[in-house]
Amino acid sequence: MTITDISHRRKFLAQGNVYLPHIVIIEKIIDETPGVRTFHFNFKDEKLREEFSFESGQFGEYSVLGIGEAPFCISSSPTRRDHLEFALQRVGKVTNALHRLGVGAEIGFRGPYGNGVPLDLLQGKNLVFVGGGIGLAPLRSLIWNVIDNRDKYENIDIIYGARSPSDLCFKYDLDAWNKDKAVNMVTTVDKGDENWTGKVGFVPQVLEQAAPSAQNAVAIVCGPPIMIRFTFPVLEKLGFTPEQMITTLEKRMKCGIGKCGRCNIGNLYVCRDGPVFSYAQIKGFISKEY
Amino acid sequence: MASSNKKISKRDTGKLLNEWSQEFAVFVPSRETGVATMAKWDGKDTSFLDWHRNTVIPPKANFLPAMEEMFNFQRDKEGYHIELPPQDKHKQLIFGIRPCDAKALAILDMTFSDSYQDPYYLSKRKNAVLVGVGCTKAYDSCFCTSLGISPAESTDVDLMLTDIGDEFLIEAITEAGKKLISRSRGLAEANEADETRAKASKEAAYQKVTRQLDTDNIKQRLLANLENKDYWEKIAAKCLSCGVCTFLCPTCYCFDINDELVKQQGARFRSWDSCAFPVYTEMPMENPRVEKWRRVRQRVYHKYEFYPMSFDVTACTGCGRCIRLCPVNWDITQALNNLPAKV
Ligand code: SF4
Ligand code: SF4
Ligand code: FES
Chain S
1 MTITDISHRR KFLAQGNVYL PHIVIIEKII DETPGVRTFH FNFKDEKLRE
51 EFSFESGQFG EYSVLGIGEA PFCISSSPTR RDHLEFALQR VGKVTNALHR
101 LGVGAEIGFR GPYGNGVPLD LLQGKNLVFV GGGIGLAPLR SLIWNVIDNR
151 DKYENIDIIY GARSPSDLCF KYDLDAWNKD KAVNMVTTVD KGDENWTGKV
201 GFVPQVLEQA APSAQNAVAI VCGPPIMIRF TFPVLEKLGF TPEQMITTLE
251 KRMKCGIGKC GRCNIGNLYV CRDGPVFSYA QIKGFISKEY
Chain X
1 MASSNKKISK RDTGKLLNEW SQEFAVFVPS RETGVATMAK WDGKDTSFLD
51 WHRNTVIPPK ANFLPAMEEM FNFQRDKEGY HIELPPQDKH KQLIFGIRPC
101 DAKALAILDM TFSDSYQDPY YLSKRKNAVL VGVGCTKAYD SCFCTSLGIS
151 PAESTDVDLM LTDIGDEFLI EAITEAGKKL ISRSRGLAEA NEADETRAKA
201 SKEAAYQKVT RQLDTDNIKQ RLLANLENKD YWEKIAAKCL SCGVCTFLCP
251 TCYCFDINDE LVKQQGARFR SWDSCAFPVY TEMPMENPRV EKWRRVRQRV
301 YHKYEFYPMS FDVTACTGCG RCIRLCPVNW DITQALNNLP AKV
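Here the protein sequences line up with chains S and X, keeping their order. For the first sequence, position 5 (counting from the first letter as 1) is numbered 5 according to my numbering, and the numbering increases by one without interruption. For the second sequence, position 121 (counting from the first letter as 1) is numbered 121 according to my numbering, and the numbering increases by one without interruption.
Hints were generated in silico from the structure; no laboratory data involved. Being a predicted model, the structure only gives us computed values, none of them experimental. For glycine and all other residues, C-beta sits at the position ideal for the given N, C-alpha and C. Heads up, a few of these hints could be off.
Claimed, not checked - Incomplete in silico selection of chain S near chain X, CB under 7 Å: (1) 18; (2) 91; (3) 106; (4) 261.
One chain only, chain S, in its complex shape (with noise of 0.2 Å):
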């Protein structure tokens, strides 16, 4: 497995004008939810597929040519790399016409950008995922990670809630993970439906109820912006400090490198500064930006 360190992915990109995307052929199409879809993806250029490399939480620029940019995470895990994959759902100009895409089809690709989840800091400890709907997307790159490297990490446990059965995501994820004896998995629901047997209620009242331990912790947390600003005071309730608390947080965003403007929050740039942030860097804006 490959760690790549900042000054390397810098270097990767300062290569010629970074604006200018590369082409990606889409291979697979996952439908997740009724919304929601994964794109596995390649490089076109044969030196690109080899060279290419990324860490968890990290995204990139995704393009339909003539319609335009949006920015998605990179859902696959750099452990396991005979492709790359994002997940989008459709929502807006881009978002639609992605979806309208078929297996094939080549898209515009720039990245990667931001800074990536810390690895080094989550070796040896604890670890909690919270995970919200398509929040699963960034989270799922790193369960990964973590998993393929199960003996750098301790407990692994895993809490991920979507508004009802049919919006859970990646549920060939969740079936692994549920079975994996080293893993703790919850899965919850808002509301459920006729067949749902499984927990019903809002990821930061399941987390609550789960209470993993704070001690030799970290929390990972990823989801709606509402679901994460009620997740944190529950971690805090656990006794996670703000140190011990990791997120991803989703701003519009256009150039992905710090230079259009429009995703920060306070002096930081999500693109650009994030869209990894512990919650001690970010709890002084949280409630007025974010």
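Given the structure of chain S, go ahead and fit chain X with the ligands onto it with the hints provided.
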């Protein structure tokens, strides 16, 4: 006794610009399009030599144009082909840039060269020569002196010209500036009397700037008022969110990226954007700055709090445009000077 500086009569300045036109694409203050901006010199008109102050459109537009093609693409049976637009190989020489606007470019340089190089901005900037001309009058809205900028002095240009009556005193600021004057014809040696006149001219210009911004503890005062919603709501009330203040601000750099497509051919463009617009931060599910006071606050904090945190420099040069060109006279100096001391 001769000083190391040169001088040129205003009458001969056109000749000098003509000479420079052999080597550079010369841009000068111009009202040809109806709005004062830095436009390509026509080789004749020198009326701008009588202008006293900065242009409406700042020289940032010469490096970060209001709209710019980033690349174009075509699709055929092999897939997409991406190409860069042809680049103007001519170096720009900007004549008549004012100290506030030259400083603004130095501020923009930081963003565009931080972490990732911005090739569009930097390629134009790298090749450019800046010839500054000191202001001889100020607008009521100018407050550069509060930010440590003198209206007639600059270290952010290659050559600096000072009005000394019928002539300009020419000081070389950078190596590039020194080289440029050493190969320029028609320049006379400046003498001590010229230096004395230049000094008086600079001092007089300094006195013309009367508006004051209270910069004492400004970062702390802002931090203390970050959550002062009542104040920012009151301050923001009359703003129309039109974005003029940001488009015309020499240090504002925010841009949008959009694609155009006709048949199988298309291009990607970037264009000025503004934090004054709600859509600027709009996401499908939520928008962190729907409320106007948050957007107004963002503009002020970006310049006076966040930019200094990142680059150790205030992202405002006191050029006064955002005050004088705002349709409702929204006043950044008032907003800052009236910050409550105790919240
Ligand atoms: S120019 Fe004036 S009205 Fe327009 S956005 Fe700026 S402050 Fe508001
Ligand atoms: S904020 Fe206003 S005064 Fe300051 S540089 Fe921008 S336009 Fe000029
Ligand atoms: S997306 Fe442009 S600054 Fe972050």
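Quick rundown of the hints versus the structure:
Below 7 Å, beta-carbon pairs count as interface contacts, and residue 18 of chain S has one with chain X at about 5 Å; its hint therefore holds. Satisfaction of the interface hint for residue 91 of chain S is found here, the shortest Cβ-Cβ separation to chain X being roughly 4 Å, below the 7 Å cut-off. This hint holds: residue 106 of chain S has a C-beta 5 Å from the nearest C-beta of chain X, less than the 7 Å allowed. A least Cβ separation of about 4 Å between residue 261 of chain S and chain X falls short of the 7 Å threshold, and the interface hint therefore holds.
Violated hints for the displayed structure: none, as all numbered hints are satisfied.
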